[in-house]
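Enquirer: What follows is the residue order along each chain.
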Amino acid sequence: MRHDHIISAKQLSRADIEEVLDHAATIAADPTAFADRHSDTLLGLLFFEPSTRTKMSFATAMKRLGGDIVDMGSVESSSVKKGESLADTVRVVEGYADALVLRHPMEGSAKMASEFVDVPLVNAGDGAGQHPTQTLLDLYTIRENAGFDDLTIGIMGDLKYGRTVHSLAHALTTVDAHQHFISPESLQLPRSVRYDLHEQGADVREHTDLDEILPALDVLYVTRIQRERFPDESEYREVAGQYQIDTGTLDAAKDDLTVMHPLPRVDEIAHEVDRTDHAKYFEQAHNGVPVRMALLDLILGGEPR
Amino acid sequence: MTDDQQLRVSKIKNGTVIDHIAGGQALNVLAILGIDGGSGDALSVAMNVPSDRLGKKDIVKIEGRELSQAEVDVLSLIAPAASINIVREYDVVEKHRVERPEVVEGVLECPNHNCISTKDEPVESRFAVTDDGVRCEYCETIIRDDLPAHILVE
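Read top to bottom, the protein sequences are chains G and S. First residue of the first sequence? That's 1 in the working numbering, and the numbers climb one at a time after it. First residue of the second sequence? That's 306 in the working numbering, and the numbers climb one at a time after it.
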């Protein structure tokens, strides 16, 4: 990997992505071979907003590489509560850890923080901006289940504020996927992502109705429509019901459709879907560990074995 | 400038004349340069005067101040057709067009209130200049219209 900091999926080339995914596959095949890989390494976890999967999978990944973590803890129990700037916090924790993982509620926070530290900094989600490591595990799951060749993917839900969507859309341009975005008009992709996709010459279509495109999809990536974004509860209810899938919905899909979700879900995927061969979202979550092990190994100076 | 236009705004001895500003943008040009007349230097502004090239144009004359290249670069965002005349002892000694820079720092405020650059952090705003607007280098918000509304005022 040429990058010291992992801030945005936009910085990842096809070669970078393949390198991480290939390394993750090697690790997944024999994790114990990497158990003492980074036994002297400490990873600093700076999570300024709640996180379960991302935080735990980074901690697990570091420990499975033989290293350990130093955790800032909750914002309420940290010096942030006293008004410390993010720039100061990362500069302090840089002295404790060999690499940093940052989750922050503001867009651009990882980019800014990376300008103040010399150790590698990984963006674990910056507001509605980017979530590049989620994208790497998403791509790993897609490659395992559907492959990258002539891939047709539908991305549905909150496309406006969904950082996992923004990162994934950028990364999918590197594999020339056909991208279909399904959302209420009020939650369509933001201008900045549209701009990039246009600049990349990506094959992109937008829909408000899943039925229009479902039969053509190899992958359906569902995200939660975030109730808190709607100024009016009734507006939320009007659109939320249109973006729920159940086994009946999937009758129109290909038999080998892969259904993914970054989790947590609320009611956008019915639990009955879990029992079908389409459901890959728990596998997707589990893939976070080998993928983050691979990424950490590469940015901490490991060479693929 | 024509003689008629020179009559509207008197000659300066030393300083800068910014010509060919799009009509109505002169005050924004002053704002982007941080000039409010408070320094005591003479300042002349002509607005919406006839122009063959622009239809209507504004002209700004700043006595006692030569603009830096960085200031000229920033000007290009709102006055891409402007020409800069550096005046010494009543003579124009340099004349050049503005060129759009690749990046402007500390000039514009990001309109995204959830952008880290708008908070109390030790960084200046930074925007990449694109063909048809600017883009925040932190949160990636794109501004295409109404750039002057986002000028940071000290």
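Simulated from the structure, these hints should not be mistaken for laboratory data. Backbone N, C-alpha and C define an ideal beta-carbon position, used for all residues, glycine too. Some hints could be false.
[To be verified] The calculated PhoX-like cross-link candidates involving lysine-lysine, where the alpha carbons are at most 25 Å apart (straight line), are:
hint, chain 1, residue 1, chain 2, residue 2
1, G, K10, G, K55
2, G, K82, S, K424
3, G, K160, S, K366
[Stated by the list, open to error] Covered by chain S, according to a simulated footprint, are these stretches of chain G (three or more residues, beta-carbon under 8 Å):
hint, segment
4, 111 to 121
5, 126 to 139
[Unchecked claim] To spell it out: a stretch of chain S is covered by chain G in this simulated footprint if at least three of its residues, at any positions, have a beta carbon under 8 Å from a beta carbon of chain G; those stretches are:
hint, segment
6, 421 to 432
7, 440 to 447
Enquirer: Would you mind marking each hint as holding or not holding in the structure?
Expert: Okay, the hints, checked on the actual structure:
no., hint, verdict
1, K10(G) / K55(G), "22 Å, holds"
2, K82(G) / K424(S), "15 Å, holds"
3, K160(G) / K366(S), "45 Å, violated"
4, 111 to 121, "holds (count 3)"
5, 126 to 139, "holds (count 4)"
6, 421 to 432, "holds (count 7)"
7, 440 to 447, "holds (count 8)"
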